[in-house]
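Residue numbers (our numbering): 4 to 336.
It is worth saying that the hints were derived from the structure and are not from the lab.
We put the CB at the ideal spot given by N, CA and C, even for glycine.
The reader is advised that the hints may include incorrect statements.
Ranges between beta-carbon positions, derived for each pair [stated by the list, open to error]:
no., residue 1, residue 2, range
1, 89, 273, 37 to 47 Å
2, 49, 297, 51 to 61 Å
3, 89, 44, 27 to 37 Å
4, 7, 142, 19 to 29 Å
5, 7, 216, 28 to 38 Å
6, 282, 27, 39 to 49 Å
7, 184, 89, 28 to 38 Å
8, 89, 18, 16 to 26 Å
9, 273, 9, 21 to 31 Å
10, 282, 152, 26 to 36 Å
11, 282, 7, 53 to 63 Å
12, 63, 94, 27 to 37 Å
13, 5, 175, 23 to 33 Å
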Amino acid sequence: METILNSLRAAAEPTRMRILALCTRGAFCVSELVTILGQSQPSLSRHLRLLVEAGLLRRQQEGVFSWFALADAASAEGALARLLVGRLPEDDAVLAADRRMAVQTLSERARTASDSFRAQGADWDEMTALGLPKAEVEAALASVAGQGRLGRVLDIGTGTGRVLELLGPRADLGLGVDASPQMMKLARTRLAQAGLAHCSLRQADMYRLPLPDGGDGQGFDLTILQMVLHHAEDPEAVLREAARVTRRGGKIIVVELAAHMAHDAADKLAHRHRGFAAQAMRAMLLDAGLSLAGTVTIPGPIATEIWSGAVINRPIPMPALSPRLSDHQEAHP
4 METILNSLRA AAEPTRMRIL ALCTRGAFCV SELVTILGQS QPSLSRHLRL LVEAGLLRRQ
64 QEGVFSWFAL ADAASAEGAL ARLLVGRLPE DDAVLAADRR MAVQTLSERA RTASDSFRAQ
124 GADWDEMTAL GLPKAEVEAA LASVAGQGRL GRVLDIGTGT GRVLELLGPR ADLGLGVDAS
184 PQMMKLARTR LAQAGLAHCS LRQADMYRLP LPDGGDGQGF DLTILQMVLH HAEDPEAVLR
244 EAARVTRRGG KIIVVELAAH MAHDAADKLA HRHRGFAAQA MRAMLLDAGL SLAGTVTIPG
304 PIATEIWSGA VINRPIPMPA LSPRLSDHQE AHP
C-alpha cells in the first residue's frame, strides 16, 4: 500500500500531472519539457526526479540527453499513471495548451533530426533509396507477423522506427534498438507522433543487446530484423543474439535482400553483403535455433525476401567478429 501512496503523493501536484499527461505521447528530454511547460530547468528537474523515484516515469540516458517516458504499463506504477491521466478533463485549457506546444516541439525535433542526418549524406529511408516496393513489403511483413495481438515486440536495427509504427498498435509492448543516435531521434519523433507510448527505444549494439535471455521468461514474442543483416559484419552473430532474447516458441522475422548484383547501390549504402542466397539464409536461421515457417518473396529492382521461424533451441554462444560501433551504425531499415 505504501508504494501506491508514494506514487499518488508524487503525482498530486499540477506540474507533475502535466508532465504525466505529456508523457502519454512518448518520451521527452528535459529541454523539450522546459519549452513546453515554460518552467525553469532546476524546478522541472526536481519534478522529474520525484516522478522517477515514485516509479511513475522511467528515465533513459542517451549520451548527454536524459529522456523521460511513462513507466511500463505492465507495472503497478505505470498502470496508475495512465489511470490518473485518463481522469484528466479533455477540455482543460492548460492541458490543451501543453498539447499544442508538444505538437510544435515534436515537429521541430523531426526537422532538426532529419536535417542533421541528411547533412551527413546518409540515405535513411533505405527501401526508397533502393527503389523497393515499400508498401508491398510492409503489407507482407504485417501478414507474416500474424493476426491479432503480437505481444512483446522487438525491432533490431529500428532505424526510423517505421516497423514499430506499423506493428506497434498490435503490440502489448514494443522496443526498438539501434546503434545510431541520429536514427534514434527520427524514430523517437515518429513514435511520439503516432501516439505509441507503449513503444520505447534504446541505443544498443545489435551484437550484445542489453536484454535478458528469452529462456528466463522475459523474452520477446516477436523479434524483427528488417534490412539489417546486409549491414552486419557478422550476420550469424546478430541472428544468434536475436534468438537469445526471444522466448522459446517466439517468432523471428527477417526482411532481407535476396542475393543481387546491384553493386553501385550496395556500395553507396555501405552494404557489407550483396543480399543473401536462400541456402545461406536458411543455414543461418537454422544455426540460430529456429524452425523455419516459410519465405515470402516480393519482386522489385532487387527482390526482397521475408523469412520467419520459431525459436526452438537456444543457440550455442559464439563470439562475434567484434565489429567497431561504426561498422554497424548503418543497421537500419
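Status of each hint after checking the structure:
Between residue 89 and residue 273, the C-beta spacing of about 45 Å keeps the proposed range 37 to 47 Å intact. The hinted window of 51 to 61 Å between residue 49 and residue 297 holds, with their beta carbons roughly 54 Å apart. Take residue 89 and residue 44: their Cβ atoms lie about 29 Å apart, and the range 27 to 37 Å holds. A C-beta distance of roughly 44 Å is found between residue 7 and residue 142, which places it outside the suggested range of 19 to 29 Å.
Look at residue 7 against residue 216: about 31 Å separates their beta carbons, and that is inside 28 to 38 Å. The hinted window of 39 to 49 Å between residue 282 and residue 27 holds, with their beta carbons roughly 48 Å apart. Between residue 184 and residue 89 the Cβ separation comes to about 33 Å, which falls inside the hinted range of 28 to 38 Å. The given range of 16 to 26 Å is respected by residue 89 and residue 18, whose C-beta atoms sit roughly 19 Å from each other.
Separation of residue 273 from residue 9 is about 49 Å and departs from the stated range, judged on CB atoms against 21 to 31 Å. In this structure, residue 282 and residue 152 meet the distance hint of 26 to 36 Å, their C-beta atoms being roughly 34 Å apart. Checking the proposed 53 to 63 Å range against residue 282 and residue 7 shows it holds: the Cβ atoms sit about 57 Å from each other. Under the hint 27 to 37 Å, the C-beta atoms of residue 63 and residue 94, about 32 Å apart, fit the expected range.
At about 28 Å, the beta-carbon gap between residue 5 and residue 175 stays in the expected band of 23 to 33 Å.
Comparing the model with each numbered hint stated earlier shows that hints 4 and 9 do not hold.
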